Amino acid sequence: MSSPDVFPSGPIQSVSGSALVLRGDDIDTDRIIPARFLKCVSFDALGDQVFADDRTELAGDHPFDRSENQAASILIVNDNFGCGSSREHAPQALMRWGIRAVIGESFAEIFFGNCLALGIPCAAADHELISSVQDAALSSPGGIWTLDLNTLSLTGSDHQAHSLMIAQGPRDMLLSGRWDATSELLAAGSQVDQTHASLPYLNGFR
Amino acid sequence: MWNVLNDDPLSSGTLYDKVWDLHRVAELPGGSTQLFIGLHLIHEVTSPQAFSALRDKGLGVRCPERTIATVDHIVPTTNQQRPFEDPLAEEMLSTLERNCAEYGIKLNGIGSGRQGIVHVIAPELGLSQPGITVACGDSHTCTHGAFGAIAFGIGTSQVRDVLASQSLAMNKLKVRRIQVNGQLSEGVSAKDLILHVIRTLGVKGGVGFVYEFAGSAIETLSMEERMTLCNMAIEGGARCGYVNPDQVTFDYIKGRPYAPSGDSWERAVAWWRSIASEKDAVVDDEVVFDAPSIPPTVTWGITPGQGLGIDECVPTLDALEPAERPIAEEAYRYMALEPGTAIAGVPVDVCFIGSCTNGRLSDLRAAAAVARGRQVADGIKAFVVPGSEQVAQAAEAEGLDVIFRAAGFEWREPGCSMCLAMNPDRLDGRQISASSSNRNFKGRQGSASGRTLLMSPAMVAAAAVTGTVTDVRTLGISAPMSNGIAV
Ligand code: SF4
Numbered sequence: 001m002s003s004p005d006v007f008p009s010g011p012i013q014s015v016s017g018s019a020l021v022l023r024g025d026d027i028d029t030d031r032i033i034p035a036r037f038l039k040c041v042s043f044d045a046l047g048d049q050v051f052a053d054d055r056t057e058l059a060g061d062h063p064f065d066r067s068e069n070q071a072a073s074i075l076i077v078n079d080n081f082g083c084g085s086s087r088e089h090a091p092q093a094l095m096r097w098g099i100r101a102v103i104g105e106s107f108a109e110i111f112f113g114n115c116l117a118l119g120i121p122c123a124a125a126d127h128e129l130i131s132s133v134q135d136a137a138l139s140s141p142g143g144i145w146t147l148d149l150n151t152l153s154l155t156g157s158d159h160q161a162h163s164l165m166i167a168q169g170p171r172d173m174l175l176s177g178r179w180d181a182t183s184e185l186l187a188a189g190s191q192v193d194q195t196h197a198s199l200p201y202l203n204g205f206r
Numbered sequence: 207m208w209n210v211l212n213d214d215p216l217s218s219g220t221l222y223d224k225v226w227d228l229h230r231v232a233e234l235p236g237g238s239t240q241l242f243i244g245l246h247l248i249h250e251v252t253s254p255q256a257f258s259a260l261r262d263k264g265l266g267v268r269c270p271e272r273t274i275a276t277v278d279h280i281v282p283t284t285n286q287q288r289p290f291e292d293p294l295a296e297e298m299l300s301t302l303e304r305n306c307a308e309y310g311i312k313l314n315g316i317g318s319g320r321q322g323i324v325h326v327i328a329p330e331l332g333l334s335q336p337g338i339t340v341a342c343g344d345s346h347t348c349t350h351g352a353f354g355a356i357a358f359g360i361g362t363s364q365v366r367d368v369l370a371s372q373s374l375a376m377n378k379l380k381v382r383r384i385q386v387n388g389q390l391s392e393g394v395s396a397k398d399l400i401l402h403v404i405r406t407l408g409v410k411g412g413v414g415f416v417y418e419f420a421g422s423a424i425e426t427l428s429m430e431e432r433m434t435l436c437n438m439a440i441e442g443g444a445r446c447g448y449v450n451p452d453q454v455t456f457d458y459i460k461g462r463p464y465a466p467s468g469d470s471w472e473r474a475v476a477w478w479r480s481i482a483s484e485k486d487a488v489v490d491d492e493v494v495f496d497a498p499s500i501p502p503t504v505t506w507g508i509t510p511g512q513g514l515g516i517d518e519c520v521p522t523l524d525a526l527e528p529a530e531r532p533i534a535e536e537a538y539r540y541m542a543l544e545p546g547t548a549i550a551g552v553p554v555d556v557c558f559i560g561s562c563t564n565g566r567l568s569d570l571r572a573a574a575a576v577a578r579g580r581q582v583a584d585g586i587k588a589f590v591v592p593g594s595e596q597v598a599q600a601a602e603a604e605g606l607d608v609i610f611r612a613a614g615f616e617w618r619e620p621g622c623s624m625c626l627a628m629n630p631d632r633l634d635g636r637q638i639s640a641s642s643s644n645r646n647f648k649g650r651q652g653s654a655s656g657r658t659l660l661m662s663p664a665m666v667a668a669a670a671v672t673g674t675v676t677d678v679r680t681l682g683i684s685a686p687m688s689n690g691i692a693v
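Note that the protein sequences, when read in sequence, are chains A and B.
The opening residue of the first sequence carries number 1 in the working numbering; numbering runs sequentially from there.
The opening residue of the second sequence carries number 207 in the working numbering; numbering runs sequentially from there.
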């Protein structure tokens, strides 16, 4: 199980921990972190504010508030999770709360990329599989689940190995620890200059 | 010359393929492509942590002249005196000012005459051009696709990457052509068209795709209408949308501050023409729409895909696909709208005209054509927020502010305003708004229980003067409302 203040680093082979089930399609990043919390110049305080308005509405009964979920690190969601605003504040808030992997039916692209840049795998499976994993996780609260990126499988309290999908590129980046792209992008400095010099619109259209 | 490259990438394919090939720097070990970013736009909300990360890593900004900054999300629209009343907003702007000064980045600040919503100012300054790549820490960056640019939203870690390396790790998307044939009917705008497309293809229908908007309906749209259209590609799940550049595009760009001029103008136009999709370009998917059959379209629910023609009723559960039912049930509850309710006639509390979707001059003209000679209905709060200082000035020069004020609308200073309510403009409690913005998510407009109905600016003005959702075509506006004020 991961501690909320130790953020991912280096190669990520697997994520283990208890699961937090959050049902619903099309959960947008405005719900994950409402806009008023974006008035900040650092991400530090976002962990407490994750799903702030949904949690207020459910007055203590939101999955992120239930006592059995407080140590959870694997979030299990449904379809098109993280759609809407590109705000990285959304995965930052999830990460600072303690989430280290997200499993769902599908993810919005920008959200997926933002998670990857933080070392948080987002792995997908079809509706039936996700529903059955959600049922299993809810029926044994606190049970430990493991997402294995080598075998692309999820195992847990239902004692089955479920296979998941994550595109080859992102998976390799996580496994090799190259998910933080900055150093690779910087390594190609001279090629960046070449491209810069070859683009008509940066060179008087000549 | 650009057209004598050995491996000529301009000779085939879609605009997307050509732009991708021209900007490819390297293939990265992780399997993604390093893509050069031609234009980087930043604002106060998603950049501070990126600059902090640069400092932590001891990195500089590689091409400060390719990054342009503005302030839009947190600015108040009533009193823009510094320091702002809200200390957090003031801290965000002063942080941006410090970062821009330190790294030599041009900031179009308040009072510069060029400040405004990032997706409004880049086009009006002539920064948005065909064939370029544009990145910005904002999902509506797809707006710049209206010029035939490949433009997409990124997160803060990627803002850091662009600052440090002028490039990004990206994976290539598939191309879906959205072919729209015929002409939109009078009173039906680009906003109605895109709400109709999203309603039809769903909010995640475009995931994995870039949308190429094409066909006779698209070719006759003005640049501002094309921006409205591309702006909302992301609401359909497509990270980018674009329109192939043509004479309409070139005429818009000509003479703007960052536009090519002198000798290079002709060369620019020739290159821009060459970058458009070839007639025989193969796309991965195509969906055809019939423009004349599209009605004014309004959302009723909590996703931009929950749209209705103005004559329709909130759908009943059995009329929906099983997969859409849970979110429809959530929407009935949240919006307090019963299935079967006609959307026309639903009362509203607040009417908001503005945002990067519909805060440009033509949008304000379309709304003013409706407001002129009418009065905002009793009990309705209605306000107009120009998308930029330039829009505000141009609108004031032709007296639109006078028309709005006379009709009982408030006329505000430029900014994002109640599109996402990071400034003092927000809904209160359960208030319901008619809004020309792009998102109707729960809580989007600043109240955790506030409700939003998305529609065109003319339709928002119609709702303001009647107090309820109203088909603007029934108000007897004589001139074409989608592109100009009634004369
Ligand atoms: S107007 Fe709205 S959608 Fe556009 S940039 Fe501002 S907050 Fe984002």
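For the record, the hints were derived by calculation from the structure and aren't laboratory data.
The model shown is predicted, which means the values in this text are computed figures rather than measured ones.
Possibly wrong hints are sitting among the right ones.
As the list claims (entries may be wrong) - If we take Cβ atoms under 7 Å as the criterion, some of the chain A residues that face chain B in the derived model are:
#1 L58
#2 H62
#3 P63
#4 N80
#5 D193
#6 T195
Even glycine gets a Cβ: it sits at the ideal position worked out from N, Cα and C.
**Asked** Going through the earlier hints one by one, which of them does the structure break, listed in rising order?
**Response** 1, 2, 3 and 5
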